[in-house]
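Q: Below, each chain spelled out in residue letters.
Protein chains: 2
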Amino acid sequence: MKAPLHLGVAGLGTVGTGLLQLLASRREHLEQALGRQIRVTAVCARSRAKPRAASFDGAIWFDDPVKLAVDPAIDVFVELIGGDEGAARASVEAALAAGKHVVTANKALLAKHGLALARLAEKHNVALNFEAAVAGGIPVIKMLREALAANEVRRVYGILNGTCNFILTKMQNEHLAFADVLKEAQEKGYAEADPTFDIGGFDAAHKLALLTSLAFGTAVDCSQIRVEGIENITAGDIDAASDLGYRIKLLGMAEQTPTGVEARVNPVLVPKGATLAEVAGVTNSVAIDGDFVGTLLLVGPGAGSKPTASAVASDIVDIARGLVMPPFVHPSASLKPYKRAEAGLHQGSFYIRLAVEDRPGAMAAITRRMADESVSLESIVQRQSRHQAGATPPAAATVILVTHETTEDQIRRALDAIVRDGKLTGKPQMIRIEELE
Amino acid sequence: MKAPLHLGVAGLGTVGTGLLQLLASRREHLEQALGRQIRVTAVCARSRAKPRAASFDGAIWFDDPVKLAVDPAIDVFVELIGGDEGAARASVEAALAAGKHVVTANKALLAKHGLALARLAEKHNVALNFEAAVAGGIPVIKMLREALAANEVRRVYGILNGTCNFILTKMQNEHLAFADVLKEAQEKGYAEADPTFDIGGFDAAHKLALLTSLAFGTAVDCSQIRVEGIENITAGDIDAASDLGYRIKLLGMAEQTPTGVEARVNPVLVPKGATLAEVAGVTNSVAIDGDFVGTLLLVGPGAGSKPTASAVASDIVDIARGLVMPPFVHPSASLKPYKRAEAGLHQGSFYIRLAVEDRPGAMAAITRRMADESVSLESIVQRQSRHQAGATPPAAATVILVTHETTEDQIRRALDAIVRDGKLTGKPQMIRIEELE
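Residue numbers (numbering that gives the first Met the number 0), protein chains in the order written: chain P, 0 to 436; chain X, 0 to 436.
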């Protein structure tokens, strides 16, 4: 029997409590499988007295996570505090510098300081594991670091934010407006009081930044990701997409292009029947296209106390088995600076919704502007009028266009010209179509 | 830089060739990520002269895989010969006994001799990795051994045979008969000249035996799996299932029950819209239910030169990183003997198809027999008649029953009584319904 692995757990919220429960319930199983014990030797949280659903009897209590991080009694520092600065950053840096392995679920910390922390981990030859930071219980980090380590990744993409997927699924199934569903999500605890971080796509962008680095060997850089949220998706967009055979999903996608890596988070139209199109509610899903494996898709719980604890535990198990590698697969010194693909060169089809004055010549003006930019249209549908003919203000119609393959630049120029023509009654909506399988 | 990892590759068919191509194309990438080279130091195949799509220049040639397996120049023996006895078994045993790590794609060998080989690997403290043996490019072994190592697995199930899924998908989409689609699959090379191993469910059973052992800590024992193939699925069954809202899939499933582990391979009805129901063609899919993670689903290529080479390469990468563990997670001495669940206790709904003489009283007799065994029916549909009324032989009707929750035993007793009543014109069809999400 090898020596026990001693953990210091900082942060005893839902994930920390879930982890203590898991380690207690699977103690014998893990000891037998690993040939060594995993012990929670020390813990730290804001309040010692707060009632919790798990026991930490026998563990040394710390008030200061930085002191816990460097305590000689621990081998692994488990950071479940949260936040990209303050106690989380200070304690993780202290732990790595003291030669402790670190396990964390903190995507914001890694998206911001991942490269510097990776350098520190490599310098001290310790693990910096963060499976729980991306897609909760789905082991996508392990996929990229290990299972697909020998593949050249061409594309990684998925549904990375459960809040957005819950809102879009509910809008779709119940034909509700965005604002109404958001309110319900907030009441149910699926969305924060300030929902911007989720619905604006920023949470998904943090996760995508980590996946991009792992998939393409680039330095983590969140600022290079183009982000668009779901705030402007209307019930009408979802219905129109459905009539065309598509679902609307918020997708994070990073892909190798001739000019660099294009990473973006935005709503897209995905064909009904595609596995990603049918991923509903708070479930997450990640797909990886590799040159040898083809497409590998994972679907599972993207958040929650128990799935996240499962991911944290798998990181601990890897350390117990002696697995240590550079946090982003390649040594941080050899990670390439992020070379962002030239914007606007994306070739694809687009869905466009225009609110148009219902006057003769409006449609002719739109199609002429599209033709001027060589954008050819696959379909044009004029949907319901919001006002009776002859009403004041002038009657408005909704026009839905689907383009053939074209570049984003061409579409933007055509839309700018249409806007300048002054016949629209609202801002144009433009959503990419991704013909996923 | 650490010392290179020296491979001996035995078997240079499609997978072996794919592996050589992969290692050549990713040489620099792997060297940088692993901090050491992976070298193909020795190879062995039946014919040295046969034209191959990959070069093995610089590798020592062996005619005898057993000699290669024990050669002092290699660290890892990669067995891609195939077969559960003969050269494959002899060389793997020799390699393990000589203290070499072994990577193999050979499910038949492991399903038959897995426990003995695991003992040998543990005795010599070497790895025995077999990611490619189950579900091709899908890293389900890594999921069970590592990512979900801290979970108690409740159920593992999936589409494990691409040939069967190809046939069922094509029968479904084109309303074709089993025999016609099988013929096409054979012509395309998706099915063997003797297709029994695939369509009879035996290939899926081999894979399920390995998954069962990994998931439940039981000794590998293929003989304990109940197997039923797809030979008796008719186009009519698929159409009737579709009308009821289901797809028919060949599923391997192992689950913990109060009386032991129930492992079986059989056709089942899965609700349309469930992710597994929409997995089409030769694609495989595996789902794992764990107590902490919830349900994790993987979808990917189940066979083929390149996906299989990807899986073999990931096993090699793990060894290059120094990861060695008991092949079935728990030390083989602590694997429990397989305790098979009592048969017939499965609670669930069933689809039943009966070919019935179209005479007054036939339906009454059927429903009475069901009632005698306390089987309650959710729906009864009499589908098309195959003969005109008054024709000779007596007109036959197809009756489709869907039961409420009941046990398999009750259904079997009712069906036996119906058969004894002598009003059927063919063998009854009975298929489980699995209400998967």
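Among the hints, a few may not be true.
For identical chains, the list gives no copy identity; a pair is met inside one copy or between any two copies.
Unchecked claim - Only pairs whose alpha carbons sit at most 30 Å apart, straight line, appear in this in silico DSS-like list of lysine-lysine: (1) K66 with K122; (2) K182 with K169; (3) K1 with K335; (4) K338 with K422; (5) K66 with K335; (6) K187 with K271.
None of these hints come from the bench; they were simulated from the model.
Q: A separate judgement is required for each hint: does it hold in the structure or not?
A: Each hint tested on the structure:
1. K66 with K122: This pair counts as within: shortest intra-copy Cα distance 21 Å, inter-copy 42 Å.
2. K182 with K169: Classified as within: same-chain Cα gap 12 Å, cross-chain 45 Å, threshold 30 Å.
3. K1 with K335: between (39 Å within a copy, 23 Å between copies)
4. K338 with K422: For K338 and K422, neither the intra-copy (39 Å) nor the inter-copy (74 Å) Cα distance is at most 30 Å.
5. K66 with K335: neither (35 Å within a copy, 44 Å between copies)
6. K187 with K271: both (28 Å within a copy, 29 Å between copies)
The structure shown violates the earlier hints numbered 4 and 5.
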